[in-house]
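**Student:** Chain by chain, the residues:
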Amino acid sequence: MTDTKVAPRPSPKVSDEVRKTTCYMCACRCGINVHLENGKVKYIEGNRDHPVNQGVLCAKGSAGIMQHYAPSRLRKPLKRTGPRGSGEFQEISWDEAYEIAAGWLAPLRETAPEKLAFFTGRDQSQSFTSFWAQAFGTPNYAAHGGFCSVNMAAAGIYTMGGAFWEFGQPDWDRTKLFMIFGVAEDHDSNPIKIGIGKMKGNGGRVIGVNPIRSGYNAVADDWIGITPGTDALFILAMIHELLKAGKVDLNYLSRYTNAGFLVNDNPDDADYGLFLRDKDGTPQVIDRATGKPAKYDKKGVKPDLAAHLRKGGVTYKPAFQLLAEKYLDDAYAPEKIADQCGLSAQKIKATAAELARVAFEEEITLDVEWTDWKGEKHKTMTGRPVSFHAMRGISAHSNGFQTCRALHILQILLGSVEVPGGFRFKPPYPKPPEAHPKPHAGVQPGKPLDGPHLGYPLGPEHLLINEDGSAKRIDKAYTWENPFSAHGLMHMVISNAYAGDPYKIDTLFMYMANMAWNSTMNTSEVIKMLTDKDENGDYVIPHFIYSDAYSSETVAYADLVLPDTTYLERHDCISLLDRPICEAEAAADSIRWPVVEPDRDVKGFQSALCDLGAKLGLPGFVNDDGSQKYADYADYIQNHERRPGVGPLAGFRGPNGDKNGRGEPNPNQIQAYIDNGGFWINHIPENAQFYKPWNQHYQDWAVEIGLFDAAAPYVFNLYLEPMRKLQRAAEGHGDIQPPDHLRDRVKATMTPLPEWYEPFEEAAVNKDEYPIHALTQRPMHMYHSWGSQNAWLRQITGVNKLYIPGKIWDEKGFTEEENWAYVTSTHGKIKCQVARMDALNENTVWTWNAIGKKRGAWALSEDAQEATKGFLLNHLINELLPPKGDGRRWANSDPVTGQAAWFDLRVKIEKAPPGEHVSEPALPASKSPVGQGPKDIAYGEEFK
Amino acid sequence: MTTLPTSTEKKLGLAIDLDTCVGCHACVVNCKEWNTSNYGVPLSDEDAYGAEPHGSFLNRVHTFEAQPSGGGCSQTIHFPKSCLHCDDAPCVTVCPTGASYKRTEDGIVLVNENDCMGCGLCAWACPYGARELDALAGVMKKCTLCVDRIYNENLPEEDRVPACVRTCPAGARHFGDFADPNSNVSKLVAERGGIDLMPEMGTAPVNKYLPPRPKDVPSDAALNGENKEPKGFLAWLDKALEAI
Amino acid sequence: MHPAPSVIFFTAFSGLGFGLLAWLGLGLPTVTGWTAFFMYLLGYGMAVGGLVSSVFHLGNKKNAVKAFSQWRSSWLSREGIMAVITLLTLAPYAFGQVFLDTTLRPLGLLGALFAMVTVFTTSMIYTQLKTVPRWNTPLTPILFLLFSIGGGGLFAGQVHAAAAFLVVLGVVQVLAWMQGDAKGATGDSTLETATGLGRIGKTRLLEPPHSGQNYLLKEMAYTVGRKHAVKLRAVALICAVLLPVIMILLLPNGHALAVPLIALHILGLLAARWLFFAEAAHVVRLYYGK
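Chains as they are written, first to last, in my numbering: chain V, 3 to 946; chain F, 5 to 248; chain X, 3 to 292.
Just so you know, the hints here were simulated from the structure itself, not pulled from any lab data.
Label pairs and their calculated CB-CB ranges:
id	chain 1	residue 1	chain 2	residue 2	range
1	X	Gly47	V	Ala9	42 to 50 Å
2	V	Pro926	X	Asp183	47 to 55 Å
3	X	Val226	F	Glu204	20 to 28 Å
4	V	Asn253	F	Ala239	12 to 20 Å
5	X	Asp183	F	Ala226	52 to 60 Å
6	V	Gln348	F	Ala239	27 to 35 Å
7	V	Lys769	F	Ser223	30 to 38 Å
8	V	Ala9	F	Ser223	52 to 60 Å
These figures come from a predicted structure and were not determined experimentally. Cβ atoms here follow ideal geometry from the backbone N, Cα and C, with glycine treated the same way.
Bound conformation, chain V alone:
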């Protein structure tokens, strides 16, 4: 019997071959080793050499096999045969699919390109899809950032030229105190986990600020269970404490920020609140050596933050003084705001004291010489080992932009950005707002758009509004409703198109955006908008083209479906032109390539766009003779040049593949990436690794590898003048004026120094009737909705419950047996299961997002637990605020960026009577276009 046992030191074959590519189970873009045996995927593990994940792999990545072989994969292009939502389709050829699409799109391009709304969801090829949309000529393009976390991105770029996640990261090796705000357990997931493990190993401490103690907050040494939407108050109270005690890094502030910029302080002056500039337009500071005004960027000038200037009857004060006056006010004292935040004043004080202690008493010094942008040489690099990270928890509120700004200002006051132990940018960041494009919406029939769609406005003159004040874009991005909507507003597209506000569209074209389900607010209503017909019996939104790899809920509502490949079957580039995989120490980019060939008639969406672009004759997609320019996406990746020598991939450029960053296209570039493990990395020289915005070595390196064409040093914006310019317009100055109904709101919310205001929904509802905050977050193992058809992941979380604090649990008399509840907002009502959680803010409830599924979707059985017991909180959230009686549609969005304010939700809870329950709303099933998955599976049998 013993002979059948495994050998003492078994050494079985692992696989036939390992192919290295990039994961796409979420947006982290980790490197993976895909093990193949007999042409089948046997095992996927993290790539140890990869900069993002350094060998580790999360649950999603490890479940990639089940995703790749999911029965919900689409098989062929689909043409709708039944009514929208029925799920009745006919499989058609790609040629026919292109014919149909071109039949709708070609006439639009010739007459009214804006009637195409092209929005991509979790797209990792935005520099390509936007290029296509620009060539088509529609102004209506964006990805899902407006729905996701644009407040974070925009506030970061406006304040310091970069935000968290792909923009930067803590200096994990040196940081001693890490403070994390409102992070649902998703973005940057593996790097944060690696980092927390590393810093805890080094004896560092973690402070978690989140109403919910799960995930990272569970391992936090200190948990601050703040009331949702009050983070800015908490941060500003800590700033109050730091200023009061003089615990700010004045050297850092005077050198690297606009703290010394002189601001017009005369309220009666037309330029009140604007910087004093010389005739070249350069902001002025008072030189501490001379006491005279001087250009801020002049060599040798040290700004005096304590002085002020009288000139022409106007007083000019350094921005830092305005900041200090504002936040030293007693209104920001911990005692004043503690109750609102649901915290004790002492907790706020102790946290501020801890930040100051670590920043200033545990200062670190690296013996690395460097030269700053003014030519001054420094013997060492001083570090303040306090670092921060934040995400949707603070940004998905209608006061999110200002909250994110407040957090960045806290970081900057501590002198802990771009220093050892602090927060560091990842190339191509730092990149200030001025270095980004301005938004464009210049439409000419038959012609490309006049410039890139998205960008960073610096004043009213950059808004995308018509003479009559109406919006140029369907989502009303860059209007007075949300002037800095840098990622567009995907969540408003269907609603606005349906309402014909600002205008009607003809074709909705979407990619990887589950708009009929969890990627939308107000799910049930959005479904109605997609299925509603006008008086002629035509759909109000006439055409809907959708591309997805899987039979998601949204597929059922499309007229034409373009089946995408799985992530293991496709070419992709994680490009420096877009959202690359860089580290603070290095520039890096990567590819995906077909490690297995599709066994169905599907095509990578970007390749389909190459075909469709050529069919439509779009510039950039056809050669001079009208023939198709790029055979597929791989061809584009390798041969497209955005600027001479700069293309989608920065590595292995030039005919011999020996050029980094800049160089001619290399016909063997993709193979070079494959040979290098799927990525390219170029390390930043040691003396350029910190102080990047002001470090001459870094600036030179960045120009050399093509991040920008000329050195572009800048200072951080404590005081954000572009906000003031908008606010000033609202006060009546200038030609471009906001409409009267928005005037007061612009004045109140576009403050150049961050201000807290009550989130809009909260201010609009009766708080006694709706006393509870309701939040969602994605489980770490299911970040994107693609997880539910995954046979392994859906076993871990196939049902979601609404977690409610002990106080509400007891009050409402819930028990383990009687745990169904009705949850109501001003907008809707759902029925769901509840569960008790004690480590939770006492006025907050929450659930795992996107577990609930529609019957018939994802090749699941119609009685799947996700449909009968899972639920979506989205049904309770409206994309509009409750009507104010003025006949206007007020968006439930941040007034600065338009970010969907889905964390402003207020609800009430009632216990459901005992009995058998299914979750509600229980929407009718759609027919599955791909049938249903098999009953039992035993994956791996073929490898025995």
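Given the coordinates of chain V, work out where chains F and X should sit on it, guided by the hints.
**Tutor:** Chains F and X in isolation, oriented as in the chain V frame:
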């Protein structure tokens, strides 16, 4: 023979750090992924796309809440659990067919699936829920400590660790020899006061858990607010700038 | 624990079968010819039937034969071996009585002893499990033996002797229930000892490791309602002990009585055995917050 060895040369096992585990389930799924295609029969899934999918997993992560007895806010603890490869493994001695055994060379507890008759008694004997009978194959599945990885010469040396350890993003899982007092895991257990689960069962588990460090320690620290008034602030500012 | 019918039938009927065989081995009654034939058919039938039924419980039946190999450590293995030895030992004894009208007394006594050892080994499969505190008591083998002897005695027609055993059985069963209730479902183990988190404070499950079922939950997290359990305990006690004893003492002896008497007892035995599993809690349930 399902009698236990009196001692083993090595005591290979895991030290699991409850202070850093963020509950991401990476170890759960990577374990499933490796083991379904390697040692023994696949880890099957019943009703995989149906109403209530359920399958075999060798490692699972529970989430608990602990209310500090001294007051203060409740704590959330993510708690991965797989076979603890006990020195006094009750699952081995109860096995009637000789399928379950504990290896003398490294202390790993394994099931020889060729001998297992699927009676389930070993799962009953295990206090930890570390064994699951695969519904499709009818044989008992359990953590093998990736015996087919840790000695595998077809893997690079650094990868010769269990799949869960290799993949854990937070570095909350440590693999090593508890018989060697100088091993990484022995040192961690000594430093952090590693503990046994259910010591009252007398199973002498090899795997240890490193308990969470003290959390939410109250602090009466506060900054000294000397620059209270804006005027005082300017004076301080001027002085402070002079010092730079 | 999940009250699997196959295991309930196995333990109940193999116990009765070996009980009856033990009585026959003792020569109580000493039977021959057709009477012997039918009684051995019944005894062997129940013993073997029970064993066969237990095979239905197996996930991988083809390896069942290997269960005889681990007698040095495994009670389950010992039980299998003892069952076979008992059946083989009594076979010539039974053959002699049925066909040769001969009673090989020493062999019968040895077979009776082996039959009881077999029942003891069966009970030890459960008794040995520290993980199921309700089973982990010396009362478990006593109960199994009393059920076997008492029930076997009814089959063997030794009703007065059986009645005496049944009275003791009733007392021990009540004691076992009381002891089990007093221990608490999971004995000395708590979620705090199971997780080591007791050093922080009171611990509760927040989220299970999977939202659906798994093998452990199906097999070991069975719970029975308190009211339901009380009713079944009454049924078990009344049917298995009280009514049979009353009938034996008050009603005239005879074959007519045997059928209802035995039927009642089996009903009570099945109820008791169902409760034996259903009421037993495995400590693993702690990890699932149950």
